[in-house]
Amino acid sequence: MARQVNVSRHFRVIYAMWYRQVKRFLNMKARVVSSIVQPIMWLALFGVGFRRFATPMGFDYLAFLAPGVVMMAAFVVGFQAGASLIWDKEFGYFKEILVAPAPRAASLIGRCLGDATLALLNSFIILVAVYFFVPSINVIGILFVTAVAFLIALCFTSLGTLIAMHIRNLETFQLVMMLSIMPLMFLSSIFYPIDSMDFWMRTAAMLNPLTYGAELARYFLVPSVSSLSGMQALQYFVILVVITLVLLEISIFFFRKLTMG
Amino acid sequence: MTVMCMNEIVVSDNLTKRFGKITAVDHISFEVYEGEIFGFLGPNGAGKTTTINMLITLLRPDEGTASVCGHDILKEPNKVRERIGVVFQDRTVDGYLSGWDNLKVHGLVYGINNDALENKIRELLKFVELEEWANVLVKYYSGGMTRRLEIARALLNEPEVLFLDEPTLGLDPQARLHIWEYLLDLKRKKKMTIFLTTHYMDEADRLCDRIAIIDHGKIIAMGSPQELKSMISGEIIYVRTNTPMDALLLKQHLEKQGYSAKMLDRDGVVFVNVKRASAEMPVILELAQRAGVKVAEVRYSTPTLDDVFIHLTGRSLRDERIGSFERIREMMRRWRAR
Ligand SMILES: Nc1ncnc2c1ncn2[C@@H]1O[C@H](COP(=O)(O)OP(=O)(O)O)[C@@H](O)[C@H]1O
Ligand SMILES: [Mg+2]
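Here the protein sequences line up with chains D and R, keeping their order. Mapping of the first sequence onto numbering that gives the first Met the number 0: residues 0 to 260, in sequence order. Mapping of the second sequence onto numbering that gives the first Met the number 0: residues 0 to 337, in sequence order.
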């Protein structure tokens with residue numbers, strides 16, 4: 000069968016699914032409140048505590064950490080967004096999507112974009128909060144960091160959704176999340192510089208999209224603690240885009256396969 | 000058969016689906032004609048949902064195939080999807096979206112452009128009498144309202160066939176009547192072709208032009224409600240006794256006297272098929288007395304579709320035990336979906 004691509008048709012489906020994910024979230028008042036309060040609380044408690052003992056060491060650890068935390072927010076929320084797919088499978092909405100004549104790719108992309116938008120929102124709140132803790136951040140850089148955070152969000156939303164496709168049970172999904180979030184975070188350069196890692200850790204970190212996110216965020220937000228050159232930054236950005244697109248494509252492939260696309 | 004318009008909209012050709020050892024749908028063949036309401040009537044687990052899922056391209060048959068609006072479900076699933084509307088057995092609305100937004104998302108996914116969509120949504124919400132609820136989150140809707148919204152949603156893309164899987168399952172009598180009216184309205188005013196499944200014989204009787212009775216994955220009878228009921232001539236007398244033992248005793252006495260009597264295994268009711276109930280009732284009561292069987296209740300009616308099902312299978316469609324279980328499950332599902 001020849002697959003004819005009708006751009007406006009695809010766009011409408013993408014928009015529909017994006018709208019659904021975002022609107023549905025906004026209608027859950029409790030989730031909206033907690034998604035605003037939680038990151039701020041987290042950063043407040045964590046950041047202030049760190050400042051106390053990190054500054055005397057002669058190294059502004061908070062300035063180093065803050066950009067990574069922005070990425071962390073995009074990552075954690077985006078990754079777990081796959082849960083919405085499991086919810087839809089359980090409560091029937093999934094069937095409603097499957098019986099539609101819409102291109103599967105568009106419906107999946109829309110869904111991931113919607114979830115990524117929500118994750119971005121989360122990390123943007125952190126970004127604003129960071130400004131209060133680390134006033135020295137580069138304000139112009141916020142624009143670029145937002146783009147990087149969106150890539151991280153989309154990258155992990157795609158991965159989370161890919162995982163969720165193969166899981167029925169919400170508890171199983173949460174277990175998988177719990178078991179992978181920590182290693183992904185610690186095997187990246189969110190918490191410590193790549194140069195300080197041993198060979199194996201560094202290899203793992205360089206395979207981890209989060210590392211590219213954290214490095215780029217540092218480069219744009221707090222150039223003084225970044226070891227990247229402009230050329231490297233561009234390189235990292237391209238790598239992150241490629242990883243994200245590849246994960247999204249794999250997700251689409253399996254989505255088609257699993258749903259008689 | 001007394002069907003006037005003979006355009007086939009749905010043609011099922013030996014559809015078969017197995018789940019492990021169970022053959023859920025067993026070589027089912029039938030046609031649905033343009034403009035008619037065609038019903039699958041059968042008890043729980045008969046294979047109704049499985050059949051519908053194959054027709055609407057959610058499930059791949061193991062054998063056989065079907066075509067909907069001239070498109071093969073296996074070869075052109077997207078063509079089929081474009082031409083149908085579906086109301087699933089389980090609720091498939093998004094509780095955290097308003098009624099309006101549920102329809103909006105659906106319309107966009109089906110490729111309807113924005114201006115046309117708004118008008119269409121308004122018109123359909125009016126049709127199912129939910130205009131005032133348009134902006135309320137669907138999790139606050141009652142079961143009947145949810146169903147109405149789902150019907151409106153299924154009509155958004157102006158389908159040629161509407162599929163409904165147990166459209167009134169778990170609804171109270173008033174909500175059911177409401178849904179029936181909409182469906183009959185659609186048939187009358189829009190000449191909509193409707194395929195529905197149900198395990199309520201009154202629903203099938205009231206709505207369907209033709210019915211396929213399905214049991215254990217097979218069609219065991221097919222025809223108009225009248226044709227099916229005329230499989231049993233005369234009238235049916237229902238004699239309720241106090242115990243299944245009494246019922247058995249009465250049944251055997253009746254049979255000895257040349258009556259055609261049947262009973263179900265659980266509830267002590269004996270069904271007697273007679274020519275004229277008013278004349279036979281006293282005779283049967285006297286016979287019961289002589290047999291020492293205490294009669295708790297007697298009534299009679301012309302045969303119902305349930306009688307047809309009993310006649311064909313020896314079991315009743317109306318299995319109260321499963322009925323109430325289903326109801327609880329439905330309630331749980333609604334409760335959880337909030
Ligand atoms: N996904 C499935 N896996 C295993 N068995 C199934 C599945 N779906 C349905 N069945 C079985 O197939 C039979 C028919 O089910 P179904 O089509 O749901 O019946 P109905 O809709 O008439 O109540 C039942 O015995 C049911 O248990
Ligand atoms: Mg069913």
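Be careful, since some hints might not be right.
Claimed, not checked - Derived EDC-like pairs (lysine to aspartate or glutamate); straight-line CA-CA distance at most 16 Å:
#	chain 1	residue 1	chain 2	residue 2
1	D	LYS94	R	GLU81
2	R	LYS138	D	ASP87
3	D	LYS88	R	GLU81
4	D	LYS94	R	ASP89
Think of the hints as simulated: they come from the structure by calculation, not from any bench.
Taking the hints in turn, this is what the structure says about them:
1. D:LYS94 to R:GLU81: Roughly 15 Å between the alpha carbons, so the hint for LYS94 (chain D) and GLU81 (chain R) holds.
2. R:LYS138 to D:ASP87: holds (14 Å)
3. D:LYS88 to R:GLU81: violated (22 Å)
4. D:LYS94 to R:ASP89: Holds. LYS94 (chain D) to ASP89 (chain R) sits at ~10 Å (cutoff 16 Å).
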